[in-house]
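A.B. asks: Line by line, the protein sequences give chains A and B.
Numbering follows this note's numbering, in which position 283 of the first sequence is assigned residue number 283; successive positions increment by one, without gaps.
Numbering follows this note's numbering, in which position 520 of the second sequence is assigned residue number 520; successive positions increment by one, without gaps.
If you're looking for bench data, these hints aren't it; they were derived computationally from the structure.
Small disclaimer: the values here were computed from a predicted structure and weren't measured.
Using N, Cα and C, we set each Cβ at its ideal position, and we do this for glycine too.
Among the clues, some could well be false.
Unchecked claim - Listed next, with one range per pair, are the computed distances between beta-carbon atoms:
hint	chain 1	residue 1	chain 2	residue 2	range
1	A	GLY8	B	ASP363	50 to 58 Å
2	B	GLU467	A	VAL17	54 to 62 Å
3	A	ARG9	B	ASP363	30 to 38 Å
4	A	VAL105	B	SER147	28 to 36 Å
5	B	VAL365	A	TYR142	48 to 56 Å
6	B	SER14	A	PHE139	27 to 35 Å
7	B	ALA7	A	PRO117	37 to 45 Å
Unchecked claim - Here are some, though not all, of the chain A residues that point toward chain B, as calculated from beta-carbon distances under 10 Å:
hint	residue
8	ARG125
9	TYR215
10	ARG232
11	THR240
12	PRO241
13	ASP304
14	ARG308
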Amino acid sequence: MDTLLYLGRRILQALAVILIVTVVVFCLLHALPGGPARGILGPQATPQQITAFNHEQGLDRSLPVQYAYYLGDLVRGDLGTSYTLNEAVSRLIEQRLPKTLVLTVLSALVGLLLAVPLGMWQAVRRNKPTDYVITTLSFVAYSTPVYFLGLLLILLFTQTLRWFPSQAPQGDTLAQVLADPAGLVLPVVTGAASMVAVFSRYMRAATLENLSEDYVRTARAGGASQYTVLFRHVFRNSLTPVVAMLGYYVPVLFGGALVVEQLFNYPGMGLLFWSAAQASDYPVLLGCVLVISVATVVGTLLADVVQRVVDPRVKEGRA
Amino acid sequence: MNILEIADLGVTFSTETGDVPAVRGVSLHVRPGETLALVGESGSGKSTVALAAMGLLPGSARASGRVTVNGTEVVGASESSLARLRGRTASMVFQEPATALDPLTRVGAQIAEVIRNHRPVPRAEAAREAVELLRRVGIPEPERRASAFPFQLSGGQRQRVVIAMAIANSPGLLIADEPTTALDVTVQAEILDLLRRLAADSGTGVLLVTHNMGVVADFADRVAVMLRGEVVETGPVEEVLLRPTHEYTQRLLAAVPRLRFSGEDSAPVEAAPVVELRDVAVQFGRGPRAVRALDGVSIEVRPGETVGLVGESGSGKSTAARVALGLVPPGSGTVSLFGTDLSRSRGRARRALLSGVGVVLQDPVASLDARMSVAECVAEPLRVHRRGMPAAERRNRVAETLELVRLPRELAGRGPRELSGGQRQRVSLARALVLEPRLLVADEPTSALDVSVQRTVLEVIAELQRELGFACLFVSHDLAVVQEFAQRVVVMRAGRVEEQGPTMSTLLRPETEYTRRLIAAVPVPDPVEQRKRRTGVTA
């Protein structure tokens with residue numbers, strides 16, 4: 001019951017945040033110089049054409065009214081129509097989102113699976129060569145721009161070694177994408193690189209902190225082996241703060257997808273967002289931002305829920 | 001054979017500024033079934049000796065000499081052979097029960113882990129044994145409590161769980177490092193009782209590390225006194241505590257506040273109270289989880305007198321002090337400061353009123369801003385409350401106040417971290433007194449200090465009080481200290497005032513069972529007297 005109540009409250013909070021996001025996005029859209037009409041019709045458009053366009057699109061009504069219409073459409077799943085692609089935005093997102101999800105979820109999984117053990121290993125070998133080497137690599141991976149890293153990987157693995165194709169899977173359906181795992185390798189690796197760098201640092205710090213906790217000494221005083229101490233006690237205690245960080249990392253992952261999709265010509269949300277930005281296709285931009293915001297809110301919500309499951313103190317409000 | 005034999009132990013910590021010797025040439029032994037108390041002040045190296053005996057020294061430490069547990073050498077032993085020893089032949093109970101247990105593992109599982117570290121028993125069997133151990137250490141409803149997480153238990157219960165882990169494999173040696181320091185006196189008495197019984201039952205040798213001479217008198221057979229990494233005196237408990245030969249031991253024992261069993265009340269003060277809490281109630285939180293921190297509390301402090309506010313943790317004594325400081329608004333009831341109702345005054349008037357109150361808190365490290373110099377710390381109240389004061393005058397005032405608390409002028413430019421604990425607490429005191437308050441609220445001002453330092457700080461407070469005439473609300477868990485420094489005492493329990501009155505008559509002839517229990521639980525640093533008291537209590 002407690003948990004249901006908590007979930008209900010958190011979901012309401014999440015909805016409130018999303019509502020605020022829609023307001024911000026809506027305001028941003030209208031703060032653009034010249035408004036959407038100028039963007040669509042081009043610099044040669046006459047004032048008459050612009051007025052006609054504004055009227056046709058409902059852009060001449062007062063802002064609150066426009067916002068109310070926008071929200072009403074949103075609830076019905078109508079995100080508007082793309083100015084350039086002449087297709088419903090919801091339809092475009094529906095096509096692209098699963099692909100991006102595949103890319104980001106795989107990147108996150110691969111990133112975490114590498115980062116967590118790496119971070120722990122570093123903590124155990126603190127200030128020894130292993131630690132220094134991994135630390136250096138982490139900083140290199142973190143400070144290398146994603147597009148540059150992607151280009152390097154393409155050069156190395158498709159041109160020199162010829163292990164993987166330089167293009168991501170081009171199929172339209174999820175099944176087609178997943179049927180070409182080799183094509184996914186480089187995009188996923190590129191997306192996961194910074195994640196490994198960042199989260200191995202978190203994990204290293206959390207593990208080090210936990211290793212110096214009193215309970216570790218108690219466990220050792222009870223005759224626990226290094227293995228027991230690490231995997232039965234320190235691992236779980238260190239993972240909780242890392243899980244909490246994960247939710248906040250969702251927008252970063254989407255940001256990475258923007259570049260990765262561009263690099264590997266992978267028609268997901270990132271590419272959609274990119275081309276919409278280039279064409280001033282505001283309904284599409286707005287839809288993308290909304291989807292990413294929702295994903296972020298859902299991500300933090302999930303992270304909180306997972307934390308609540310892992311750490312009993314959170315439930316009691318003691319941590 | 002001795003269960004623990006330490007010969008010429010030396011421990012050196014390597015730090016960034018070079019090697020620091022922590023323990024030098026320490027030799028001692030513990031026979032099966034006896035308790036050796038290792039006493040000393042902070043930094044004396046007593047805990048380091050205990051950790052060395054378990055092979056649990058941190059990585060920055062190097063040990064030399066010999067430490068054998070039941071014949072097995074510990075110094076230089078491999079981690080795996082140490083792991084075989086720990087929890088089976090020798091085990092340890094730590095000071096801080098709040099952090100000693102893995103917060104994410106159920107307590108039953110933590111006990112079962114110690115069992116399974118050393119004996120190949122099936123999971124279910126180990127779980128059953130864990131429940132049995134919880135029963136042995138006096139945890140009510142052990143079947144249910146075994147599946148509790150540490151945060152769901154009280155401090156005393158957590159310490160019992162740590163003890164259950166320590167005795168899980170019936171070790172020959174039990175090392176207890178300040179096992180009751182973080183606990184209330186009544187809980188301390190129970191835990192000491194438990195340890196004594198467990199040790200007697202199974203002939204376990206105990207190495208008890210403590211700074212509390214009362215605990216030593218209560219528990220130990222022999223005592224070793226440590227000073228700056230060396231053992232300066234060792235002998236049977238009656239010898240060392242009643243007829244100490246080393247000058248340091250004498251000094252240490254003289255500084256220990258002792259509960260006295262005779263004395264007169266001081267004359268009551270007739271003047272109007274400087275602070276008066278009348279029927280105050282405070283509630284934290286709302287709904288079913290709300291905690292009633294104070295309930296119908298009435299306390300008053302008159303000019304020039306010290307009122308001791310005593311009680312166990314959670315009794316509401318600190319909350320009452322915060323109410324008097326205007327930091328916690330009372331849910332109901334009134335607080336008047338210097339005759340003015342605090343709830344009716346706002347803004348500038350309220351600030352002026354509150355500038356008449358100085359405050360000293362328990363932890364001098366946490367309560368001073370590490371980025372400010374001593375002089376800046378002391379000057380801050382002047383900057384807030386005496387804005388018009390010229391800088392030169394302010395400097396003079398700060399220098400005077402530092403002199404008042406007997407801090408050398410040279411320290412004014414240093415940071416709080418460069419000072420010792422006692423010096424830091426005197427900086428807090430100077431900061432509290434710089435505005436010449438009419439009321440000083442001191443919340444456990446010496447609880448984090450060693451006894452000899454505690455004595456000097458308390459004497460400075462008492463002397464300044466005579467000189468400056470401020471009233472003092474003195475919050476403490478230490479009845480002996482309160483008895484010595486307070487003219488009146490207020491005993492609190494679970495948010496209510498249990499009883500109050502002149503110090504001597506209240507503490508010597510308490511009217512309530514709770515106060516009686518509280519006083520009986522305080523161990524006195526005299527082994528003969530303490531033995532009498534203990535048998536009296538159990539009988």
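A.B. asks: Each hint should be assessed against the structure and marked as holding or not.
C.D. replies: Results of checking the hints against the structure:
Between A/GLY8 and B/ASP363 the beta carbons are some 41 Å apart, a value that contradicts the proposed interval 50 to 58 Å. One distance hint, 54 to 62 Å for the beta-carbon pair B/GLU467 and A/VAL17, holds here, with the actual separation near 60 Å. Checked against the hint of 30 to 38 Å, the C-beta distance between A/ARG9 and B/ASP363 comes to roughly 36 Å, which is consistent with it. Take A/VAL105 and B/SER147: their Cβ atoms lie about 35 Å apart, and the range 28 to 36 Å holds.
Take B/VAL365 and A/TYR142: their Cβ atoms lie about 35 Å apart, and the range 48 to 56 Å is violated. The hinted range of 27 to 35 Å is satisfied by B/SER14 and A/PHE139, whose Cβ atoms lie roughly 28 Å apart. With their beta carbons about 43 Å apart, B/ALA7 and A/PRO117 fall inside the hinted range of 37 to 45 Å. Among the interface hints, the one on A/ARG125 is violated; its C-beta lies about 12 Å from the nearest C-beta in chain B, farther than the 10 Å criterion.
A distance limit of 10 Å between C-beta atoms decides the matter here; for A/TYR215 the minimum to chain B is near 4 Å, and the interface restraint holds. With 10 Å as the threshold, the beta carbon of A/ARG232 comes within range of chain B, its nearest partner Cβ sitting at about 7 Å, so the hint holds. Because the closest C-beta pair between A/THR240 and chain B is about 8 Å apart, less than 10 Å, the hint holds. Of the supplied interface hints, the one on A/PRO241 is violated, with its beta-carbon coming no nearer than about 12 Å to a beta-carbon of chain B, more than 10 Å.
Hint on A/ASP304 is violated. Least Cβ distance to chain B is approximately 17 Å, over the 10 Å limit. Interface restraint check for A/ARG308: the shortest CB-CB distance to chain B comes to about 12 Å, outside 10 Å, so the restraint is violated.
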